[in-house]
Amino acid sequence: GDSVTQMEGPVTLSEEAFLTINCTYTATGYPSLFWYVQYPGEGLQLLLKATKADDKGSNKGFEATYRKETTSFHLEKGSVQVSDSAVYFCALRKFYRNEKLTFGTGTRLTIIP
Amino acid sequence: DVKVTQSSRYLVKRTGEKVFLECVQDMDHENMFWYRQDPGLGLRLIYFSYDVKMKEKGDIPEGYSVSREKKERFSLILESASTNQTSMYLCASSRSPGTSGTTLETQYFGPGTRLLVL
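Those protein sequences? They're chains G and L, same order as listed.
Residue 46 in this note's numbering is what sits at position 46 of the first sequence, and the numbering runs on without skipping anything.
Residue 97 in this note's numbering is what sits at position 97 of the second sequence, and the numbering runs on without skipping anything.
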């Protein structure tokens with residue numbers, strides 16, 4: 001079945017460091033790929049998405065490129081801030097009427113000043 | 001803005017109790033979902049519904065049931081709560097493919113209900 005594998009956490013970085021959170025997937029067909037973010041005490045919010053190979057999703061300085069050849073969707077940011085501290089989830093969706101998402105296990109990111 | 005609300009942020013129940021978790025969305029979305037979130041396991045889908053009175057099992061439906069009598073409301077029911085159902089429960093909604101708008105693929109999440117079963 002479909003699955004998403006995420007970089008194990010937790011990840012701790014200093015402010016202004018470069019961030020990479022790895023995500024790879026296993027799925028038949030052509031899934032859409034997503035990164036969701038969960039800030040402390042809140043539900044999940046969509047951070048960015050990509051719907052086909054070579055698409056780049058971007059938002060709030062974060063980027064991820066859909067790489068079909070390596071089945072990856074790694075999240076990157078050039079200079080992290082304390083406010084980026086959160087849990088990040090990679091997810092995939094294959095087309096169903098119900099838009100079912102398959103999530104990775106999440107990566108907790110902590111940014112220290 | 002889309003808003004998904006959940007009836008409680010925190011709940012404490014005893015083993016064997018019947019528990020109701022309520023979720024309401026205000027954007028006329030067709031699809032609604034219940035997930036549980038556990039450390040190291042991410043989010044796992046319990047049940048989903050793509051229309052009123054319609055429901056389908058997700059990946060871990062055992063011990064749960066759902067009800068969708070109105071489009072905006074999706075309830076998760078623990079018939080007889082057990083300690084292994086202690087978790088964070090997240091509700092989400094989304095528009096169905098084929099309808100207009102820019103939110104075709106976005107699931108909107110509520111803030112979650114943290115349930116402790118003693």
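Treat the hints with care, since some could be wrong.
Said to hold, decoys possible - Distance condition first, Cα-Cα at most 30 Å in a straight line; then the derived DSSO-like pairs of lysine-lysine: (1) G:K94 / L:K3; (2) L:K53 / G:K94; (3) L:K70 / L:K18; (4) L:K18 / G:K49; (5) G:K52 / L:K53; (6) G:K49 / L:K3; (7) L:K13 / G:K52; (8) G:K94 / G:K49; (9) L:K55 / L:K71; (10) G:K49 / L:K57; (11) L:K53 / L:K3; (12) L:K18 / L:K71; (13) L:K70 / G:K77; (14) L:K57 / L:K18; (15) G:K56 / G:K77; (16) L:K18 / G:K56; (17) L:K55 / G:K94; (18) L:K18 / G:K94; (19) G:K60 / G:K49.
The set of hints was computed from the structure by calculation and includes no laboratory data.
Against the structure, the hints come out as follows:
Using a Cα cut-off of 30 Å, the hinted pair K94 of chain G and K3 of chain L holds, with the two alpha carbons roughly 25 Å apart. Under the criterion of a C-alpha separation no larger than 30 Å, the hint pairing K53 of chain L with K94 of chain G is consistent with the structure, at around 24 Å. At roughly 21 Å between alpha-carbon atoms, K70 of chain L and K18 of chain L fall within 30 Å of each other, so this suggested pair holds. For the hint pairing K18 of chain L with K49 of chain G, the CA-to-CA distance comes to about 38 Å; that exceeds 30 Å, so the pair is violated.
Restraint check for K52 of chain G and K53 of chain L: the C-alpha separation of about 33 Å exceeds 30 Å, so the hint is violated. Using a Cα cut-off of 30 Å, the hinted pair K49 of chain G and K3 of chain L holds, with the two alpha carbons roughly 20 Å apart. As the CA atoms of K13 of chain L and K52 of chain G are separated by approximately 45 Å, the hinted pair breaks the 30 Å bound. Annotation: proposed proximity of K94 of chain G to K49 of chain G holds, straight-line Cα distance about 13 Å (limit 30 Å).
At roughly 12 Å between alpha-carbon atoms, K55 of chain L and K71 of chain L fall within 30 Å of each other, so this suggested pair holds. For the hint pairing K49 of chain G with K57 of chain L, the CA-to-CA distance comes to about 26 Å; that is within 30 Å, so the pair holds. With a CA separation close to 22 Å, the supplied pair K53 of chain L and K3 of chain L stays within the 30 Å bound. Taking the CA atoms of K18 of chain L and K71 of chain L, the gap is near 23 Å; set against the 30 Å cutoff, the hint holds.
A threshold of 30 Å between alpha carbons decides the hint, and for K70 of chain L with K77 of chain G the separation of about 42 Å lies outside it, so the pair is violated. Taking the CA atoms of K57 of chain L and K18 of chain L, the gap is about 20 Å. The hint holds against a cut of 30 Å. For the proposed pair K56 of chain G and K77 of chain G, the alpha carbon gap of about 13 Å is at most 30 Å, so the pair holds. In summary, the hint linking K18 of chain L to K56 of chain G is not supported, as the alpha carbons are separated by about 46 Å, beyond the 30 Å threshold.
For the hint linking K55 of chain L to K94 of chain G, the alpha-carbon distance of about 19 Å falls within 30 Å, and the restraint holds. For the given pair, K18 of chain L sits about 34 Å from K94 of chain G by alpha-carbon distance, which is inconsistent with the 30 Å threshold. Distance hint between K60 of chain G and K49 of chain G is fulfilled; the C-alpha atoms sit about 13 Å from each other, no more than 30 Å.
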